Amino acid sequence: MDSSIGIGASHLQVLIPVILITSALIIPVISKVSRKYREPFILAVTLASCLASVAIFLKVYASPTGYIEYLVGYAWRGRTLLQSGQPIGIVMHTDLFGAIMLVLVNCIGFLVCVYSLRSIHHEVPQEKHTYYYTLILLMLAGISGIALTGDCFNFYVFFEIASISSYTMVSISGRPESLEATFKYVLTGAFSSILIIFAIGLLFNATGTLNMNYASSQIAKIISSQAESPLYPYRYLIYASLGLFIMGFSVKSAFFPSHAWLADAHPAAPSSISALLSGLIVKATGIFLLIRFIFTVFGVHKGYCGEVLSPLFLIISSITILSGSLFAIVQTQLKRMLAYSTVAQMGYILFGIALITHNGLSGSILHMVNHAIVKSLLFLCSGIIIYKTGIKDITDMGRLGYRMPVTMACFTIGACSMVGVPPLCGFMSKWVLATASYQAGMPYLLIILLISSLLNAVYYFRVVAIAYFGDPKIKVETMDEAPATMLGPVCILALLVVILGVLVKYPYHSAALPAARMLLR
Amino acid sequence: MIKSYLPLLVVMFPLIAMVFRPFVQKHRLYHYTAIVSGVTLVLILYMYPQILDGNILDLTLDTGLGFDFVFRADLFGLFVGIISVVLWTLSSIYSIEYMNHSHSHARFNIFSLLSLSGMMGVVFTGNLFTLYIFFELLSVASAILVFHEETPDAMKAGFKYLFLGIAGGLVLLFSIIMTYAITGTGDLTLIGIGLQGSKWLPWIFWGYIIGFGVKAGMFPLHIWLPSAHPVAPSGASALLSGVMIKAGAYGIFKTIYNIVGYQDIVKNHMGLLLPMLIIGLITIFLGSACAITQTEIKKMLAYSSISQIGYVIMGFCLLAPLGIVGGIIHIFAHALMKGTLFMCAGAFIYKTGLRNLEDLKGIGRRMPWVTLAFSICALSMIGLPPFIGFISKWFLALGALETMRMGNYWSGFGLIALLTLLLSSLLNLVYYGPVVIGAWMSSEGESDADGAHGAHGAHTAHAAHGAHHADSSESGLKDRKSEDPNWIMLTPILTLTAGVLVFGIMPTLPLSIARQISRLFFP
Chain V
1 MDSSIGIGAS
11 HLQVLIPVIL
21 ITSALIIPVI
31 SKVSRKYREP
41 FILAVTLASC
51 LASVAIFLKV
61 YASPTGYIEY
71 LVGYAWRGRT
81 LLQSGQPIGI
91 VMHTDLFGAI
101 MLVLVNCIGF
111 LVCVYSLRSI
121 HHEVPQEKHT
131 YYYTLILLML
141 AGISGIALTG
151 DCFNFYVFFE
161 IASISSYTMV
171 SISGRPESLE
181 ATFKYVLTGA
191 FSSILIIFAI
201 GLLFNATGTL
211 NMNYASSQIA
221 KIISSQAESP
231 LYPYRYLIYA
241 SLGLFIMGFS
251 VKSAFFPSHA
261 WLADAHPAAP
271 SSISALLSGL
281 IVKATGIFLL
291 IRFIFTVFGV
301 HKGYCGEVLS
311 PLFLIISSIT
321 ILSGSLFAIV
331 QTQLKRMLAY
341 STVAQMGYIL
351 FGIALITHNG
361 LSGSILHMVN
371 HAIVKSLLFL
381 CSGIIIYKTG
391 IKDITDMGRL
401 GYRMPVTMAC
411 FTIGACSMVG
421 VPPLCGFMSK
431 WVLATASYQA
441 GMPYLLIILL
451 ISSLLNAVYY
461 FRVVAIAYFG
471 DPKIKVETMD
481 EAPATMLGPV
491 CILALLVVIL
501 GVLVKYPYHS
511 AALPAARMLL
521 R
Chain E
1 MIKSYLPLLV
11 VMFPLIAMVF
21 RPFVQKHRLY
31 HYTAIVSGVT
41 LVLILYMYPQ
51 ILDGNILDLT
61 LDTGLGFDFV
71 FRADLFGLFV
81 GIISVVLWTL
91 SSIYSIEYMN
101 HSHSHARFNI
111 FSLLSLSGMM
121 GVVFTGNLFT
131 LYIFFELLSV
141 ASAILVFHEE
151 TPDAMKAGFK
161 YLFLGIAGGL
171 VLLFSIIMTY
181 AITGTGDLTL
191 IGIGLQGSKW
201 LPWIFWGYII
211 GFGVKAGMFP
221 LHIWLPSAHP
231 VAPSGASALL
241 SGVMIKAGAY
251 GIFKTIYNIV
261 GYQDIVKNHM
271 GLLLPMLIIG
281 LITIFLGSAC
291 AITQTEIKKM
301 LAYSSISQIG
311 YVIMGFCLLA
321 PLGIVGGIIH
331 IFAHALMKGT
341 LFMCAGAFIY
351 KTGLRNLEDL
361 KGIGRRMPWV
371 TLAFSICALS
381 MIGLPPFIGF
391 ISKWFLALGA
401 LETMRMGNYW
411 SGFGLIALLT
421 LLLSSLLNLV
431 YYGPVVIGAW
441 MSSEGESDAD
451 GAHGAHGAHT
461 AHAAHGAHHA
471 DSSESGLKDR
481 KSEDPNWIML
491 TPILTLTAGV
501 LVFGIMPTLP
511 LSIARQISRL
521 FFP
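Protein chains in written order, with the working numbering: chain V, 1 to 521; chain E, 1 to 523.
Derived DSS-like pairs: lysine-lysine, alpha-carbon spacing no greater than 27 angstroms straight-line:
{"no.": "1", "chain 1": "V", "residue 1": "36", "chain 2": "V", "residue 2": "388"}
{"no.": "2", "chain 1": "E", "residue 1": "267", "chain 2": "E", "residue 2": "199"}
{"no.": "3", "chain 1": "V", "residue 1": "505", "chain 2": "E", "residue 2": "3"}
{"no.": "4", "chain 1": "V", "residue 1": "392", "chain 2": "E", "residue 2": "156"}
Here are some of the chain V residues that sit facing chain E, going by a computed Cβ distance under 7 angstroms:
{"no.": "5", "residue": "421"}
{"no.": "6", "residue": "422"}
{"no.": "7", "residue": "454"}
{"no.": "8", "residue": "469"}
{"no.": "9", "residue": "505"}
Simulated from the structure, these hints should not be mistaken for laboratory data. Computed from a predicted model, the values in this text were never measured in an experiment. Backbone N, C-alpha and C fix where the C-beta goes; we use that ideal spot for every residue, glycine too.
Based on the provided sequences and hints, a complete structural model is requested.
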């Protein structure tokens, strides 16, 4: 390939979001023409993007620079730099961190689509199935774009695509409570969007560019400038912009004071969507971008902003971890409990960021991956339970383990991983975070992690114990399992939970740690 | 150190066997568990000659997070492993008959095998990380055995067990993470893991003690034990009391002698060991004192277990070679004795439905063989020669005297330990004595003459227990022939009793192993 279109560039970087968006628009046409081609088309598209994202990951992994860059429009514009060396136009800049997210999104997206084939008949009105598929592809396109992009303009577009499609998805069932939850979600989401677009404005004002890498070098120049330099006053713009970004992404990541929307929105959506929301959207539009901006763009490190952000993040994450777990304990609905557990887990990820060390950040990335898989698994399981029995309350789940052995076995694996039972993947990432907190000189923070694990045990094992030992609400002793297209994705995710735990050295050493090293220079 | 896949195989074999469980016929499940544990025993014995030569078998699998999966067999691990698997096999054979009227057989067997794997993992491991994994597996899997009956009592006891186990596990995890973070290793065969001089050492030490102490049933963390052990099916109670609390004692040993190390303790950390010794003594005394007040046989046995684990902890904390020998032999002795006692109690319950000590009067006439086994083990518990219980108490007493001589503690503590041993033996006599004497003494003539009492006893039993129990009890009273359970239940009981007797007379084998272990730590 012509190297002038970018370093190690691959056309797939552009093709993934483009194909996903185009397919999203084609789906209504296909279902108008012939309904029976709709599902195969969805599966083909998501499978293709899944494979393509793996290909991109391998390319990034093999790349000597650690990233691949695609300069969009080089072919017809012929140049991508201004005289001053400032890049112009859209850039797809994918580093290892983005590639991890990309693979995660598309693989879970594919599994959720397989799962949706049957599950939506129960949770989504018949006439909205086409919209459902359109929105799911838009959502995947948005998140993939976020993972792939290298400039702030493009990022904001994808950010809004992902956000708006997720708002719509929450309300798709049309029930009153989901409309209420959507309203809450849209308001907080719009608030965070305003903060972010404002922050992008300030960033552009200070650096004169929207290209993330170029902005990053400009920021470094401004920060290191002396008091008499003309660049010096711009640093206040940089600080303001950084603060706004952090506030905006904190709302999206559901950190403590702004977590209320999540607990309503995630349970209100159909279960397959809850899995995408909790597993991917919160991460991609929240914490992924938080990491991306504070490290890649603003280049935060120990000596610069770290001394302020580190204690701030530690306090927020500690409160988020504990309050999320405590709220989860008092829940009676399974999906609400899972949603609050997501809040707590986001706290863990922030905890690793707050340490501002390579180990802490790699722990965060690992936990992000693990949580995405485990939480999708748990939400899909709760979806199967609703699909087969209509049970939503934890107390009604008595003896479900005998009625639906496969589902509950997978749920139990997920629950154990959440609690941190070794050797499942949840334990491994907590271990990395724990050792990182010691190495950062803050061993007392271990206690927060351990208390939270205990709280996790209280609410997750309660569900498992009721499912296997509780009194049944309806006495059904025969096995009554969900169809294979729903069980299959769940089993694959459960298997991944075990494999990523036992063989943790591969994701850790070949992905999480190098990604953290590239982010935190 | 020799590379060998055997330790890994021993740990994994029950797990692999579990996968093939669905292919086993439903009424052969307990046979299957028994055979799997038997094969595990053979695998362990296969390692025995090499390890007796002083070798260590080891297999290291890298995880890449700064810690490895290490499966390793050394002498102490092998010793505890053999005891565990023997008891496991016998208890599974016992359960073939005992669990006849139970339910959820598949679940019971799956979690029995999982617990076996957990137990094997705890003893056949070479580092803290692997130990933690299997320690947690043991906690969670054995909780299901406590849940098994699904009565409200069992549920309550099970939750208590599960959450205390997990809380303890997390405290343990804290210490393990700190150990790794400070020393960069978790190797359990080192003597003194490298925490010397760290200001965190007391925290880490108490973290380990709390984590392992919960499992061991050490005062004041014993609160789960008296409720959890009696509600489990008797075969499982035998394992819980006979084997699984030993995982905690094993951990406490490793903490004192491998993680901190004798030299360092004596030099700098006597302040840590002194409270441990006192806790050990309190555990002995408290367990016995509570056992006296019990009216239910399995509850009494559970409290007795607390007391006995106190002996083991005391032995380890005496910091004397003979104390270690005594502690290790007591692990062995207690597994045999308490395993038998719980199985006997289960046999009483199974055949007559009687649980209260009051009602067990005269049971010797109805079930002579079981009562004989019960009596022998109770006498051994009290510490009478020529049973194995005497041997271990003898060595603990010698250890206490040796402590006085070695002078690590104020020599009065050796004396106090000695007195506690004697006092506790007396207390054991107080609560085991009447049961044994009552079982044999109150003859049928008396029970006929005292008809009102007998009928009362039978009535309470009928009211409390299921119909089939009542039937068997009534027919038993009529026929007046032996009501001993069939040979499937009797064989494990008698085998263990024979062990109590044989090793009491010829304690050479366990003694030589225990001495060899203690020599590692006191060169």
